[in-house]
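Novice: Chains as they are written, first to last, in this note's numbering: chain W, 2 to 419; chain X, 2 to 419.
Watch out, some of these pointers could steer you wrong.
The list makes no distinction among identical chains, and a pair is therefore deemed to hold if it is satisfied within one copy or across any two copies.
Said to hold, decoys possible - SDA-like, lysine to any residue: derived pairs with alpha carbons at most 20 angstroms apart:
| id | residue 1 | residue 2 |
| --- | --- | --- |
| 1 | Lys3 | Arg356 |
| 2 | Lys166 | Asp240 |
| 3 | Lys10 | Asn163 |
| 4 | Lys243 | Lys419 |
| 5 | Lys101 | Asp362 |
| 6 | Lys166 | Ala23 |
| 7 | Lys113 | Cys293 |
For the record, the hints were derived by calculation from the structure and aren't laboratory data.
Number of protein chains: 2
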Amino acid sequence: MKIKEYIDKICKEAKAASRVLAKTKTETKNNALKIMAEAVRKNASSIMSANEKDIKIAKKINKSQAFIDRLAINKKRIESMAVCIEKVSELPDPCEEIIKMYKRPNGLKIGKMRVPIGVIGIIYEARPNVTSDCACLCLKSGNAVILKGGKESINSNSAIYNILKESLKRAKLPTGCIHLIESTERKATTYLLKMDKYLDLIIPRGGEALIKAVAENSTIPVIKHYKGICHVYVDKTADLNKAYDICFNAKVQRPGVCNAMEVMLVDENIASSFLPEMLRRFKEAKVEIRGCNRTRQLAKGIKKAAKKDYSTEFLGLILAVKVVSGLDEAIEHINTFGTGHSDAIVAESYERVLRFLKEVDSACVYANASTRFTDGYEFGMGAEIGISTDKIHARGPMALEELTTYKYIVFGSGQVRK
Amino acid sequence: MKIKEYIDKICKEAKAASRVLAKTKTETKNNALKIMAEAVRKNASSIMSANEKDIKIAKKINKSQAFIDRLAINKKRIESMAVCIEKVSELPDPCEEIIKMYKRPNGLKIGKMRVPIGVIGIIYEARPNVTSDCACLCLKSGNAVILKGGKESINSNSAIYNILKESLKRAKLPTGCIHLIESTERKATTYLLKMDKYLDLIIPRGGEALIKAVAENSTIPVIKHYKGICHVYVDKTADLNKAYDICFNAKVQRPGVCNAMEVMLVDENIASSFLPEMLRRFKEAKVEIRGCNRTRQLAKGIKKAAKKDYSTEFLGLILAVKVVSGLDEAIEHINTFGTGHSDAIVAESYERVLRFLKEVDSACVYANASTRFTDGYEFGMGAEIGISTDKIHARGPMALEELTTYKYIVFGSGQVRK
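Use the sequences and the hints to build the structure in full.
Specialist: Now the structure itself:
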């Protein structure tokens with residue numbers, strides 16, 4: 002089969018399956034998920050031997066150790082995959098929730114009902130666990146899914162996909178509910194991104210280049226998950242003990258993720274009392290500081306920050322520090338250099354907290370807490386498919402509810418328009 | 002100035018203005034709207050004389066009468082523009098509404114706050130009233146707007162835009178809040194659609210070709226407002242008197258709009274009792290019927306429906322009629338040939354009504370009411386910027402709330418992640 006026909010076939014099957022899934026009962030979906038979790042555990046060895054093939058090739062073509070770490074599947078990772086599927090099966094089904102219902106003067110009762118989006122395409126890099134994580138979230142929210150993973154993980158993805166497909170059959174659901182594009186041709190993605198007749202949404206998961214390429218080529222709506230350049234601003238009214246803990250946590254607890262702090266902004270009125278101790282703690286934790294001139298006056302051996310350090314997602318133990326004239330400059334800086342992901346203020350002034358929360362244009366704005374909480378689990382969603390930096394449809398952590406849309410259901414008794 | 006620089010300048014100004022607008026008080030926005038309404042009335046003659054220029058050119062290049070009707074501005078249209086602006090000023094401000102607020106076990110209080118989207122681009126055809134309608138809806142919802150109207154209405158649009166701009170100045174709001182692209186170069190739109198750094202959303206308003214072109218070329222999220230092929234299905238359990246009134250209203254009351262019925266589906270079990278009288282009423286109202294063979298057996302002189310008649314938005318007094326075997330075929334037909342806009346069932350069976358509402362995959366699904374109610378005003382929104390046939394962000398009628406997004410505001414007391 003030619004690649005175009007192959008993609009066409011997959012899309013049509015997914016669309017048909019989405020219709021079935023939209024009217025499938027919660028218990029049937031949950032049952033399918035339980036079968037999947039069990040099957041993933043039972044077939045651990047076949048997943049791992051497929052993964053070995055991928056790893057072998059990746060090593061041969063000299064992929065980095067970080068790349069191979071993300072690609073590798075061990076027993077622990079398989080157990081996490083199974084646990085994730087089980088947990089999703091236990092979450093409430095978002096579909097058919099009535100968000101709102103009201104009566105019009107003419108007696109029409111208008112309701113907004115949460116419904117699945119339809120068919121969702123997920124395009125991701127060589128991280129095979131994404132295959133099962135995304136598949137189970139889409140299934141639970143009533144959406145058919147078409148998965149396209151990085152070509153370097155094709156063997157692992159196929160092994161996982163076959164297990165999921167068999168589970169769908171056992172649960173008496175159409176296999177079209179979950180599709181994996183088992184072609185490594187680049188054209189496969191190009192075709193997929195034009196299938197707006199069948200797909201309702203594309204979610205790219207991965208680096209900036211991948212997301213940019215998807216957004217540029219897709220005629221299907223895309224929800225982007227760009228990088229996080231997160232800020233903590235320490236205001237002159239801050240409780241310094243809170244500030245030390247929050248800034249330290251935001252930078253050091255897990256520096257390699259998108260909700261870690263990359264830039265610390267400090268009010269000039271407390272810079273001399275706050276910075277020396279803060280910088281000492283960072284030094285102890287081996288954090289490399291790149292500071293503005295005023296920061297550098299307050300501690301020894303601090304590198305000078307280049308302009309680009311304020312717009313770099315370091316994803317490691319590097320921190321840019323800037324002394325600012327106060328709240329206005331902090332907000333302005335964040336709105337100019339930030340990526341609209343997660344930003345925090347540490348302050349005890351009621352009015353200044355409220356201004357920050359209102360005026361910083363980011364998905365998640367914090368008062369007196371670490372930016373590290375931006376996460377579907379930490380927000381109580383029980384799952385996460387990503388963190389949207391877009392403003393359309395969903396912003397911030399996305400889980401089951403964010404994978405739904407709504408429709409208006411209107412109950413009449415013969416009303417006609419005058 | 003070259004066109005690229007011109008678009009660049011507009012986008013930057015809009016982005017800066019959107020920041021100001023996001024923190025502007027409701028009363029300031031309302032005051033600006035009142036000034037605008039007054040200014041539109043006061044400058045009626047200058048708008049009309051600009052419009053005359055457009056009309057003259059349109060006639061010269063032999064534009065259709067329907068085109069000229071849409072383009073023409075008379076005193077009545079100016080009054081409607083002013084009234085629309087006033088009404089929007091009286092609607093509740095959607096911004097800063099707290100949609101949800103909850104506490105996490107660690108004490109974090111997480112709120113979802115409604116906020117403006119940012120900068121919205123509206124691309125539309127030669128209907129100058131769209132200029133002021135969209136401008137006032139965007140302003141009220143706290144968004145900066147960049148308007149790009151059809152080139153045939155450039156003089157009218159510029160006249161209206163200048164009035165709005167002057168009003169912004171008088172209200173002490175940045176003029177960047179509302180921009181009109183006063184270039185008729187095609188490239189202007191092409192550049193605009195790539196300005197994802199500044200624009201957050203594009204809403205195309207117009208025919209299918211315009212919307213398709215925008216969706217294909219934009220790197221900015223687009224909410225599409227496609228055509229409406231709306232169905233009414235008359236079930237065997239229908240109250241026939243309700244069915245006559247609803248079908249007649251859905252087709253005849255205003256046939257030229259997207260929520261009018263284009264296809265009537267009739268359950269075979271009531272076809273012979275329902276259709277003859279229904280078709281008689283349509284004949285009286287000069288509706289041309291295109292029927293399936295079984296329809297044609299029940300009345301004389303009915304044209305045979307071609308396959309494409311079931312997927313055509315007639316926007317006039319033409320109706321495709323099909324006798325179906327029952328609810329299943331009706332749902333299947335609508336989900337296959339419909340456009341996901343508005344579809345209705347007439348039925349007294351509780352179970353069949355609920356199945357239709359659940360399984361028909363459209364923005365608005367009706368039981369025992371006319372599809373003609375799909376409209377922001379009829380839904381109680383007080384305004385309308387369009388009717389989305391997309392599933393992402395907003396579905397069905399869109400007004401002020403749908404022009405907003407949300408952000409998470411998180412209130413902590415020193416929480417760090419463990």
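Novice: Each hint should be assessed against the structure and marked as holding or not.
Specialist: Now for the hints, and whether the structure bears them out:
| no. | hint | verdict |
| --- | --- | --- |
| 1 | Lys3 with Arg356 | neither (57 angstroms within a copy, 39 angstroms between copies) |
| 2 | Lys166 with Asp240 | neither (54 angstroms within a copy, 45 angstroms between copies) |
| 3 | Lys10 with Asn163 | within (18 angstroms within a copy, 53 angstroms between copies) |
| 4 | Lys243 with Lys419 | between (62 angstroms within a copy, 15 angstroms between copies) |
| 5 | Lys101 with Asp362 | between (27 angstroms within a copy, 19 angstroms between copies) |
| 6 | Lys166 with Ala23 | within (18 angstroms within a copy, 48 angstroms between copies) |
| 7 | Lys113 with Cys293 | neither (51 angstroms within a copy, 35 angstroms between copies) |
Taken one by one, the earlier hints fail for this structure at numbers 1, 2 and 7, listed in ascending order.
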